[in-house]
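Student: Full structure from sequences and hints, please.
Number of protein chains: 2
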Amino acid sequence: MAVTEFDGRKRVIIEDASPQVDGGRFPAKRVAGDAVAVEADIFADGHDLISAVVLHRHESETKWSEVRMRPLVNDRWRGEITVETIGFHHFTIEAWIDHYLTWRRDLAKRTADDLPVQLTIGAAMIRDAAQRANARDRKKLEAYLDTDDLEDLRSDALAALMHRNAERKFVTRYCELAIRVDRPKAAFSTWYELFPRSYGTFADVEAELPRIAKMGFDVLYLPPIHPIGVTFRKGKNNSVVAEPDDAGSPWAIGNNEGGHKSTHASLGTIEQFEHLVASARSHKIEIALDVAFQASPDHPYVRDHPEWFLHRPDGTVQYAENPPKKYQDIYPFHFESDAWKQLWDELRSVFAFWIERGVRIFRVDNPHTKPLPFWEWCIGALEREWPDLIFLAEAFTRPKIMDRLAKGGFTQSYTYFAWRNTAWELREYFEQITKPPVSDFFRPNAWPNTPDILTEYLQYGGHAAFTIRLVLAATLSANYGIYGPAYERFWHIAREPGSEEYLDSEKYEVHEWPPTDEDLSDFIALVNRVRRENRALQQNATLQFHESDNENILCYSKSAGDNVILAIVNVDPKNAHAAWLELDLDALQVDAVRPFQVHDLLSGARHSWHGARNYVQLNPAVVPAHIFRIRRRVRTERDFEYFL
Amino acid sequence: MAVTEFDGRKRVIIEDASPQVDGGRFPAKRVAGDAVAVEADIFADGHDLISAVVLHRHESETKWSEVRMRPLVNDRWRGEITVETIGFHHFTIEAWIDHYLTWRRDLAKRTADDLPVQLTIGAAMIRDAAQRANARDRKKLEAYLDTDDLEDLRSDALAALMHRNAERKFVTRYCELAIRVDRPKAAFSTWYELFPRSYGTFADVEAELPRIAKMGFDVLYLPPIHPIGVTFRKGKNNSVVAEPDDAGSPWAIGNNEGGHKSTHASLGTIEQFEHLVASARSHKIEIALDVAFQASPDHPYVRDHPEWFLHRPDGTVQYAENPPKKYQDIYPFHFESDAWKQLWDELRSVFAFWIERGVRIFRVDNPHTKPLPFWEWCIGALEREWPDLIFLAEAFTRPKIMDRLAKGGFTQSYTYFAWRNTAWELREYFEQITKPPVSDFFRPNAWPNTPDILTEYLQYGGHAAFTIRLVLAATLSANYGIYGPAYERFWHIAREPGSEEYLDSEKYEVHEWPPTDEDLSDFIALVNRVRRENRALQQNATLQFHESDNENILCYSKSAGDNVILAIVNVDPKNAHAAWLELDLDALQVDAVRPFQVHDLLSGARHSWHGARNYVQLNPAVVPAHIFRIRRRVRTERDFEYFL
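Chains A and B are the protein sequences, given in the same order. In this text, residue positions in the first sequence follow numbering that gives the first Met the number 0: the first is 0, and each later residue adds one. In this text, residue positions in the second sequence follow numbering that gives the first Met the number 0: the first is 0, and each later residue adds one.
I should point out that these hints are in silico values taken from the structure, not numbers from a laboratory. Check before you lean on any hint, since a few could be wrong.
Note that identical chains are pooled: a pair holds if it fits in a single copy or bridges any two copies.
Unchecked claim - In silico DMTMM-like pairs for lysine to aspartate or glutamate, Cα to Cα no more than 25 Å straight-line:
1) 340 with 33
2) 168 with 38
3) 324 with 517
4) 573 with 65
5) 184 with 384
6) 399 with 21
7) 9 with 345
8) 324 with 113
9) 260 with 375
10) 9 with 518
11) 434 with 21
12) 434 with 345
13) 139 with 151
14) 283 with 33
15) 9 with 402
16) 340 with 47
17) 62 with 375
18) 213 with 15
19) 573 with 550
20) 168 with 337
21) 9 with 337
22) 325 with 147
23) 324 with 112
24) 260 with 270
25) 62 with 33
26) 324 with 148
27) 213 with 273
28) 399 with 439
29) 235 with 384
30) 138 with 155
On a predicted model such as this, the values are computed, not experimentally measured, just so you know.
Tutor: Next comes the structure, spelled out in C-alpha cells:
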C-alpha cells in the first residue's frame, strides 16, 4: 500500500457487510418483495460521528438508490432495502466522518466560553451546505445562519437538511455485493411428484390435476418423460434382466426415437405436453421437469457425439459404476472431454428446449455427479435469459457439495430431512439451515419420501408416521414435497429388509392407482391450506425452537408480521406423550402478563394460555400435532375484547 | 463467467482455506518456528479421488515449496508447513482429480471379468508417468508394467512414485494468502514498565536492570523520554495548574528543546539512551519506547508545521477535548490535513529515528485516535525495512477497533484483561481471544495494572489480589506486563473513590522508590521462571478450560509437546475456596486408568491424582493458586517407574 495510491484521509472502515456469501464470490438469495437488512461493521479512529448509506440498484438500473444506515450496538450498522424485481440486485455501502453530526452532538456539552467559536464553526458548515443545496434547501439552511438558539441548531430538521446536502468528504466505499432475487415461489412452494405413465398419457395426467389442486399443491414434478433405452434395461424391482414387457427406468434416457428433447411416444407428443403445462397453469399448478444428464446406450448422443463419452482401451463406452456395482444401462457424460464446451452448450440447450415449451421449474437429477463449475455457468446463462427459473438440486451427498451447488445457482435443495427423525436432530438441523450464513444461499425443500427414499420411519411407523412427517416437512420448511400417491396411501413396504427402495417401485414398472376411500388427502389439503393462509409458514427466517421437557415433543414457531404460528409435534408415532413447554414469548409476540389464545388450525380447538410455561398432550393415534395460530387479546376503546 | 474464459475441466473446488484473515485482506500472524496447519474444504463432483498440496514460500524466495495435504473429515483437508524466517510467507493450495488414485482404490473391488481392461488402463497411466519421470523413477515405474499382481499395483511404493510424477491435469489453484512471521518474542514476552525520571537519569535506570532481570522480565518499557511542554502543563494529580517545580506529564511531548526525536535533558543524551539500550541487552532485556503521536503547544512541529494541526476560526489551534473536558496541554495531529502525506512520512520517521538507535519494540499510545489506514501503512513500511519490529497497541477501546488495529499490523494488543475479574468472565474472554479467527490476528498482552489503570480489584483486594492477578496474567497470556514498582509494592490507593487513577500518580510527579523488604518481587521472579522453563506457557493456542464446581475457582491448562501446565486459581482474594474439578484428561495428555502426578511449581508440592475428578482447596491468605506441571508415570523396560 503506497501512500500515492490512495487517500489516507478516508478514515472510516467498513467491514464484514451482510448479506454476503463467501466474501462476495456468490450472490445472496432473496425473493421479490423481501426486505433485506444490510449490515456492516462501520467505525473510525477517535470519537467523530459517522454517516453511512446503503447504495443499491437492480441490474437493469444504472442509478443507485440510497438508504441511510443506523448504528445498532458494538459498531454494527443496519439499513433496510426492499428488492422488488427479480434478477440481480447490486449493493454497496458508503460511509464518511460527519463533522456536522459531531459538532451537533458536542454542542449541548459546550461550556459558555467555548460557544462563540463553536457557533462560528457551525455557521461555516451550514453555509457550505447551503452552497451545495438546491434553492429550496438553501433558503431553509440560510435561515439557520441568523440564529444562535442551540435547540434550533440541534434540531432534527436541520440535521436532515445537513445530511441531504452533506459534502461527503473522504468517503469510504465497500466492494459491490450482489443479491439474486427470485420470484416468491422460490421460497414458498408445495410439490407433488407422480409418474405420468402410471396414469397413461399426458392427457390422463391432466385428469389428475383437480385432485392435486384440491390437495393444495402448486408444483407438479414429473420424472423424465423421454424415450427409454432398451440396452441393459432394468426389469421390475431393478432386476438386471428385463422382461420383454418391462417399461424400464425413465432415468435411462434415450433410444432411437430421441433423447432429452423428445417425449416418450406412449405419453404423447410435445404438443400434448404443452397442453398439460397450460392445463396445470389453469389449476395454479406449474409443471416441473426432471433433468437427468446421462444417456442410455441407445441415446442418439452416443452415436452422434462419441467424444462426449469416455471410451475404454477395449473400445467400449465407460458405463456408470460404483465397483463392484455396474450400471450398464447408463452412460455418464465425460466432462473432461476435449469437446467439453460443445457438451456444456448442448446440455444448456436441453433446458432451453423445455423452457421454450413453457417449463420454468426443473428438478435436476444427481447434480453432484457433474462438475460444479458447469452448474454455475449453465444456471447463470439460463437465468440471464429467463430470470424466473427455479432449479431444485437433487443431491443428498456430502454437506459441502450440497452447499456449493446452492451457492453456484440452485434455487432450492433437497435436504437430509428424510433421515432426521428425533426432535433434537430436527432442531439441530433446521437451526443450521435456516439461519445465516447457510440460509443466505441454501433454500431447503423437505421431502418425507421420494421414489428413491422410503425411510425406515415410514416403513415401521404406521399411518401416524405419515401424518407426523407431513406436518414436520410442511411447517419446518416453506418448500416441501411428497411423492404420491405412495405417500397419501401410506405405501410403506420396502423391497427387502434394510432397503429404502419401495417394493414394486414405480421407477421400474407401471402402477395403477384406482380410487380409494382411506387416504391422507384431506389432511394434506388441510395442512396446505394452513400454509397458504399463514404467511408465517411461507418463509424460514423466523423459525424459532422452544424448550420442551419431553424429548419426543418438538415445539417451534414462525412469524411474519403479526401472523404467528406455533407448531407442536409428537415425533414418536407409536406412543402418546405429554410435555411442559417453556415458550419464548417474544418470538410469539405475546407478553407475559396477559393471556393469549392458541387456535389449533388442525382441530379447530381454541385454548387460553398464559405465560411461558404450558402443558400439551399429543396422542399419535388421534392427531400427533398442533398447528396453533397465536391470537392476541386486543382491547378496543370501548373496552370490547377480541382476539386478532 | 463465459465458457471461453476458463477451463471447465477443472473440477476440483477449494474453499475456505485457513489461516485466513478477512478473506485474505490481512496476513495471519505466526512466529518463526511455528508449525502452521493449512486447511481447506476440497471436493469435486462424483466419486473420483483428489490430490492436494500446499505451496508456500518466504517473500525472499521465488520458488514454491510443496507439502502434500491429507483429508480429515467432511471434505476438510490439512497440510502442515513450518515457517522459519521472519517476514511474509505466502501460500496457496493446488488440487486436482487423481485418476490413478481412483483406479487404485477401485482395483481391489473389481470383478474378475473387469480386471483385464482395468490392468490395461492402469498400465497406460504408469507408462505416462514414466515418461514424465527422471531416469531413476522411470526405471522403477516401468518395473510395474510387467506385473499384474494387484498387491504390487496397489502398493504405497507405486502410489508415491505416481504422486511424484503425476500429470496434474486441470489443476485448481486457490488465491494466494499471506502469513506475517514475527520473531518469537512477539508471542512470548514479559514486560516491565517504569518511569525513568523516578530514578534520575538513563544511567540510574541502568542500575535498576539487575533487579528487573532478576524478576525475569525481558522487555523494559519506558513512557515518553522526550522534552515536556510547559504551556498548560498539568500539576500533581492532574491538576490544571502546575506549580513551578512540577515535572509535567511525559505524554505532553515537545518544547523548545525538541520533540519526538529528542530526549528530556534531565534524563540524558541520545548517546546515554543508546548506552542504556546496550546495557539492557546485556541483561537480556530489550528497551521498548512509548510512541505518542501528539504535541504539546510548545512542540517545534506547532511552529514549523502549522498545516499538521487544525486551526479554529479564531486562529487558535484545536486542542484535544472530550466536551466539556478540555486538554489544552495536548494538540492532536490533523489527519485530514491537505499535508497528510508529509505528516505520515514524518511520523514514520519518528519510529525510524529510534530504530536506528537500537530500539526494536514500541508501545504505541492511543493508536485508535489516529486513522487506521495510517497504521497499516506505517507499520507495513517499517517492517519491510526492519522485519524484527514489535508494536504493542495501547487501545482499550471498542472491540472492532482493537481488532482492526491488530489486523492492520500491531504485533500485540492490550486487552480488557484488567476488567475481567470473575472466573466466568475470564474464561469467556480468553476463549474468544485465544482461538481462531481472533487469534490469527490478535495477540493479547495482559496487564493487571498500568499507570492509567488501578482497578477496583487491586484497590480493595489486599496483597492477595496482586498475587492472583499476576498469576492470571502470566499464565493465561504468553505476553504480559506490569507497571512497577507500583505493582510489586502493592500500590493500591486511588486518587479518589470511583477513580482508577493512582493517588500521587507518577504520570504527573517524580517518585522515589527506596529499597523495601516486603514486596512481590520474589514471587514474580518465581512465576516468570516457571514461564521460561515451560514452553506450554509461551503460547496461547492450546489454552483449555476445565470444569470446576466452585465459581471462584478457575482451572485451565496449556500444553506444548509433552510439557503440560495446569493452573488453578482462586479469584476471590478474600476467602478460601474449595472445588471439585472435572478435568479434560485428553488436554492433559493423561489417561483415565493410570495415576498421574501434579507437581506444584509454586510450592514444590507433588500430589498423585487419578482420573478426571479431583479436589482442590485454595486459601488466598497462603497462596491463591496452583501452577501444576503434569508428570506422567513412565514404565521402563526394567520395570522402573519415574515421572516425566
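Student: Could you tell me which of the numbered hints above are not met by this structure, giving the numbers in increasing order?
Tutor: Per hint list: 1, 3, 4, 10, 12, 17, 18 and 29 violated.
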